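Please model the entire structure based on the sequences and the hints provided.
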Amino acid sequence: MRQTSTLVALAATVSTALGAFQGFNYGSTFTTGAPKQQSDFEAEFKTAQGLIGAPGVFNSARLYTMIQGGTASGVISAIPAAISTKTSLLLGLWASAGEDIFNNELNALKAAISQYGSSLGPLIAGISVGSEDLYRISPTGILNKENPGVGPDVLAKYIKMVRDVVANTPLANAPIGHVDTWNSWVNGSNKAAIDACDWIGLDTYPYFQDTDDNTIENSKNLFNAAMQATEGAIGGKPVWVTETGFPVSGKNFGKAVPSLENAKTYWQQVGCPMFGKTNVWWYTMQDASPDTPNPSFGLIGNQLTTTPLYDLSCKNVDLSSSTSKSASASATATSSGSGSGSGSGSGSSQTSQAASSTPNPTEGAGSPGASNAVPSSQLSIESSAPATTLRPIQTGTGSGSGSGSGSGSGSSNGTVSTGSPSKPTTAPSSGVAGMQSGSIGAAFAAVMAAILAL
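The working numbering applies: residue 119 is where the sequence shown begins, and numbers increase by one.
These aren't lab readings, by the way, just hints derived from the structure by calculation. Treat the hints with caution; some may be incorrect.
Claimed, not checked - Derived EDC-like pairs (lysine to aspartate or glutamate); straight-line CA-CA distance at most 20 Å: (1) K275 <-> E217; (2) K373 <-> D331; (3) K382 <-> D436; (4) K275 <-> D313; (5) K373 <-> E335; (6) K382 <-> D429; (7) K369 <-> D331; (8) K395 <-> D436; (9) K204 <-> D158; (10) K228 <-> D218; (11) K369 <-> D409; (12) K369 <-> D313; (13) K278 <-> E335; (14) K228 <-> E217; (15) K204 <-> D271; (16) K278 <-> D313; (17) K382 <-> D313; (18) K228 <-> D282; (19) K369 <-> E379; (20) K275 <-> D218.
Only a predicted model underlies this, so the values are computations on that prediction, with no experimental measurement involved.
See below:
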């Protein structure tokens with residue numbers, strides 16, 4: 119068993135050395151609540167792969183559920199769409215609606231393996247069990263009346279259940295992890311969840327950190343501080359950036375001002391240094407589908423087009439980044455922050471600063487919204503996890519993010535976040551090989567080091 123887990127961790131190291139996955143988050147429904155069909159996902163995936171000026175091909179998709187909208191446990195149509203478009207997948211299973219619903223997610227996963235296994239296996243970047251569940255049971259999440267979450271022991275149990283399902287299948291080597299906020303990861307009481315993961319997913323949005331200096335000029339510092347705090351708390355496991363972005367339009371939040379220019383600046387300062395090096399699923403390509411949320415984070419408007427709203431190129435951009443564990447700046451987390459449900463994400467929290475040059479990460483909402491992330495047919499989710507809008511908290515410290523599992527109907531203020539990853543653990547098939555470029559020598563060295571450690 120120890121050798122198996124070591125080899126999975128080794129795969130993460132090797133694939134990181136070989137390159138990184140880069141893509142976007144995708145909900146299962148439109149803002150009208152209508153479930154997306156295979157043709158809808160195919161159109162979205164093809165658009166992402168053809169974005170003009172993008173630094174490399176964005177051919178990876180993060181999902182929040184395995185279940186197709188309008189069904190109890192049918193396989194989400196994003197899977198055949200990914201196979202047809204050669205899009206790699208970070209699969210997701212919704213974990214905060216009780217074990218019966220989680221069993222439906224497992225049944226959909228089993229069906230996907232049975233139906234698409236040999237074609238699906240090479241496209242899997244990883245599997246996320248839940249999203250921001252730990253945040254939602256934190257004091258701030260409870261105070262904000264967020265959707266139900268689950269504790270670390272339940273997540274560890276669910277992760278084991280997923281491992282059992284994928285064992286001896288084409289997905290057997292898929293790295294399994296969980297996505298949450300940085301303050302959830304630095305909370306020592308969540309160690310059981312960390313120990314159960316092969317990788318750690320981070321959701322972080324400086325835009326929502328209104329008790330900090332969240333100007334666009336300081337957003338890179340806030341992002342780096344969140345990354346460093348997470349890396350320092352998880353015992354060397356890979357950190358995948360599962361959600362981050364900056365709105366192109368909408369209301370001001372603290373000192374953060376949504377605009378095309380500021381969204382472009384955030385892309386250049388935060389995204390460009392990571393692309394090709396760290397696994398990133400950006401939030402997001404399109405969230406106006408068709409209604410435009412407030413705030414809106416989409417790179418494109420309410421029509422699918424390969425022409426982005428701002429220049430995505432990373433030319434003449436400073437690619438230096440302090441997101442590695444070797445960075446000198448440090449951050450100290452003291453408690454959980456706040457997050458958002460299926461309405462507009464907002465909120466605030468506060469941390470103490472460990473270094474005056476780099477602010478501590480604090481986030482009001484890791485997930486802008488979740489109304490189109492989970493199937494509208496999951497009425498038990500809707501009843502047990504009603505959508506709520508985040509209320510800013512001024513007294514808490516730390517960073518937080520939240521997401522809901524609502525049905526997706528109505529005018530949501532986000533696209534995907536039902537839950538709401540950066541270093542791959544499995545090499546993609548030739549169809550997604552363009553995302554994996556890097557140092558073969560470093561990979562070989564990592565292989566040898568891991569083998570010697572066995």
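Holds or violated: K228 to D218, with C-alpha atoms at most 20 Å apart: Holds: K228 and D218 sit about 15 Å apart, inside 20 Å.
Pairwise hint evaluation, D313 against K369, where the allowed Cα distance is 20 Å at most: Status violated; Cα separation ~39 Å.
20 Å Cα cutoff - pair K373, E335: holds, 10 Å
Pairwise hint evaluation, D436 against K382, where the allowed Cα distance is 20 Å at most: Given pair K382, D436 holds - Cα atoms ~13 Å apart, limit 20 Å.
Given pair status - D271, K204, alpha carbons within 20 Å: At roughly 35 Å apart (the allowed maximum being 20 Å), D271 and K204 break the hint.
Given hint E217 paired with K228 - CA-CA distance at most 20 Å: At roughly 16 Å apart (the allowed maximum being 20 Å), E217 and K228 satisfy the hint.
Satisfaction of hint between D313 and K275, Cα-Cα up to 20 Å: Distance ~11 Å between K275 and D313 Cα, so the pair holds.
Hinted pair K278 and E335, Cα distance within 20 Å: violated, 42 Å
Given hint D282 paired with K228 - CA-CA distance at most 20 Å: With Cα atoms ~11 Å apart, K228 and D282 stay inside 20 Å; holds.
Pairwise hint evaluation, D409 against K369, where the allowed Cα distance is 20 Å at most: holds, 16 Å
Pair hint K369 and E379, alpha-carbon separation not exceeding 20 Å: holds, 15 Å
Given pair status - E217, K275, alpha carbons within 20 Å: Holds, at about 11 Å.
Checked against the numbered hints given earlier, this structure breaks hints 12, 13, 15, 17; the rest are met.
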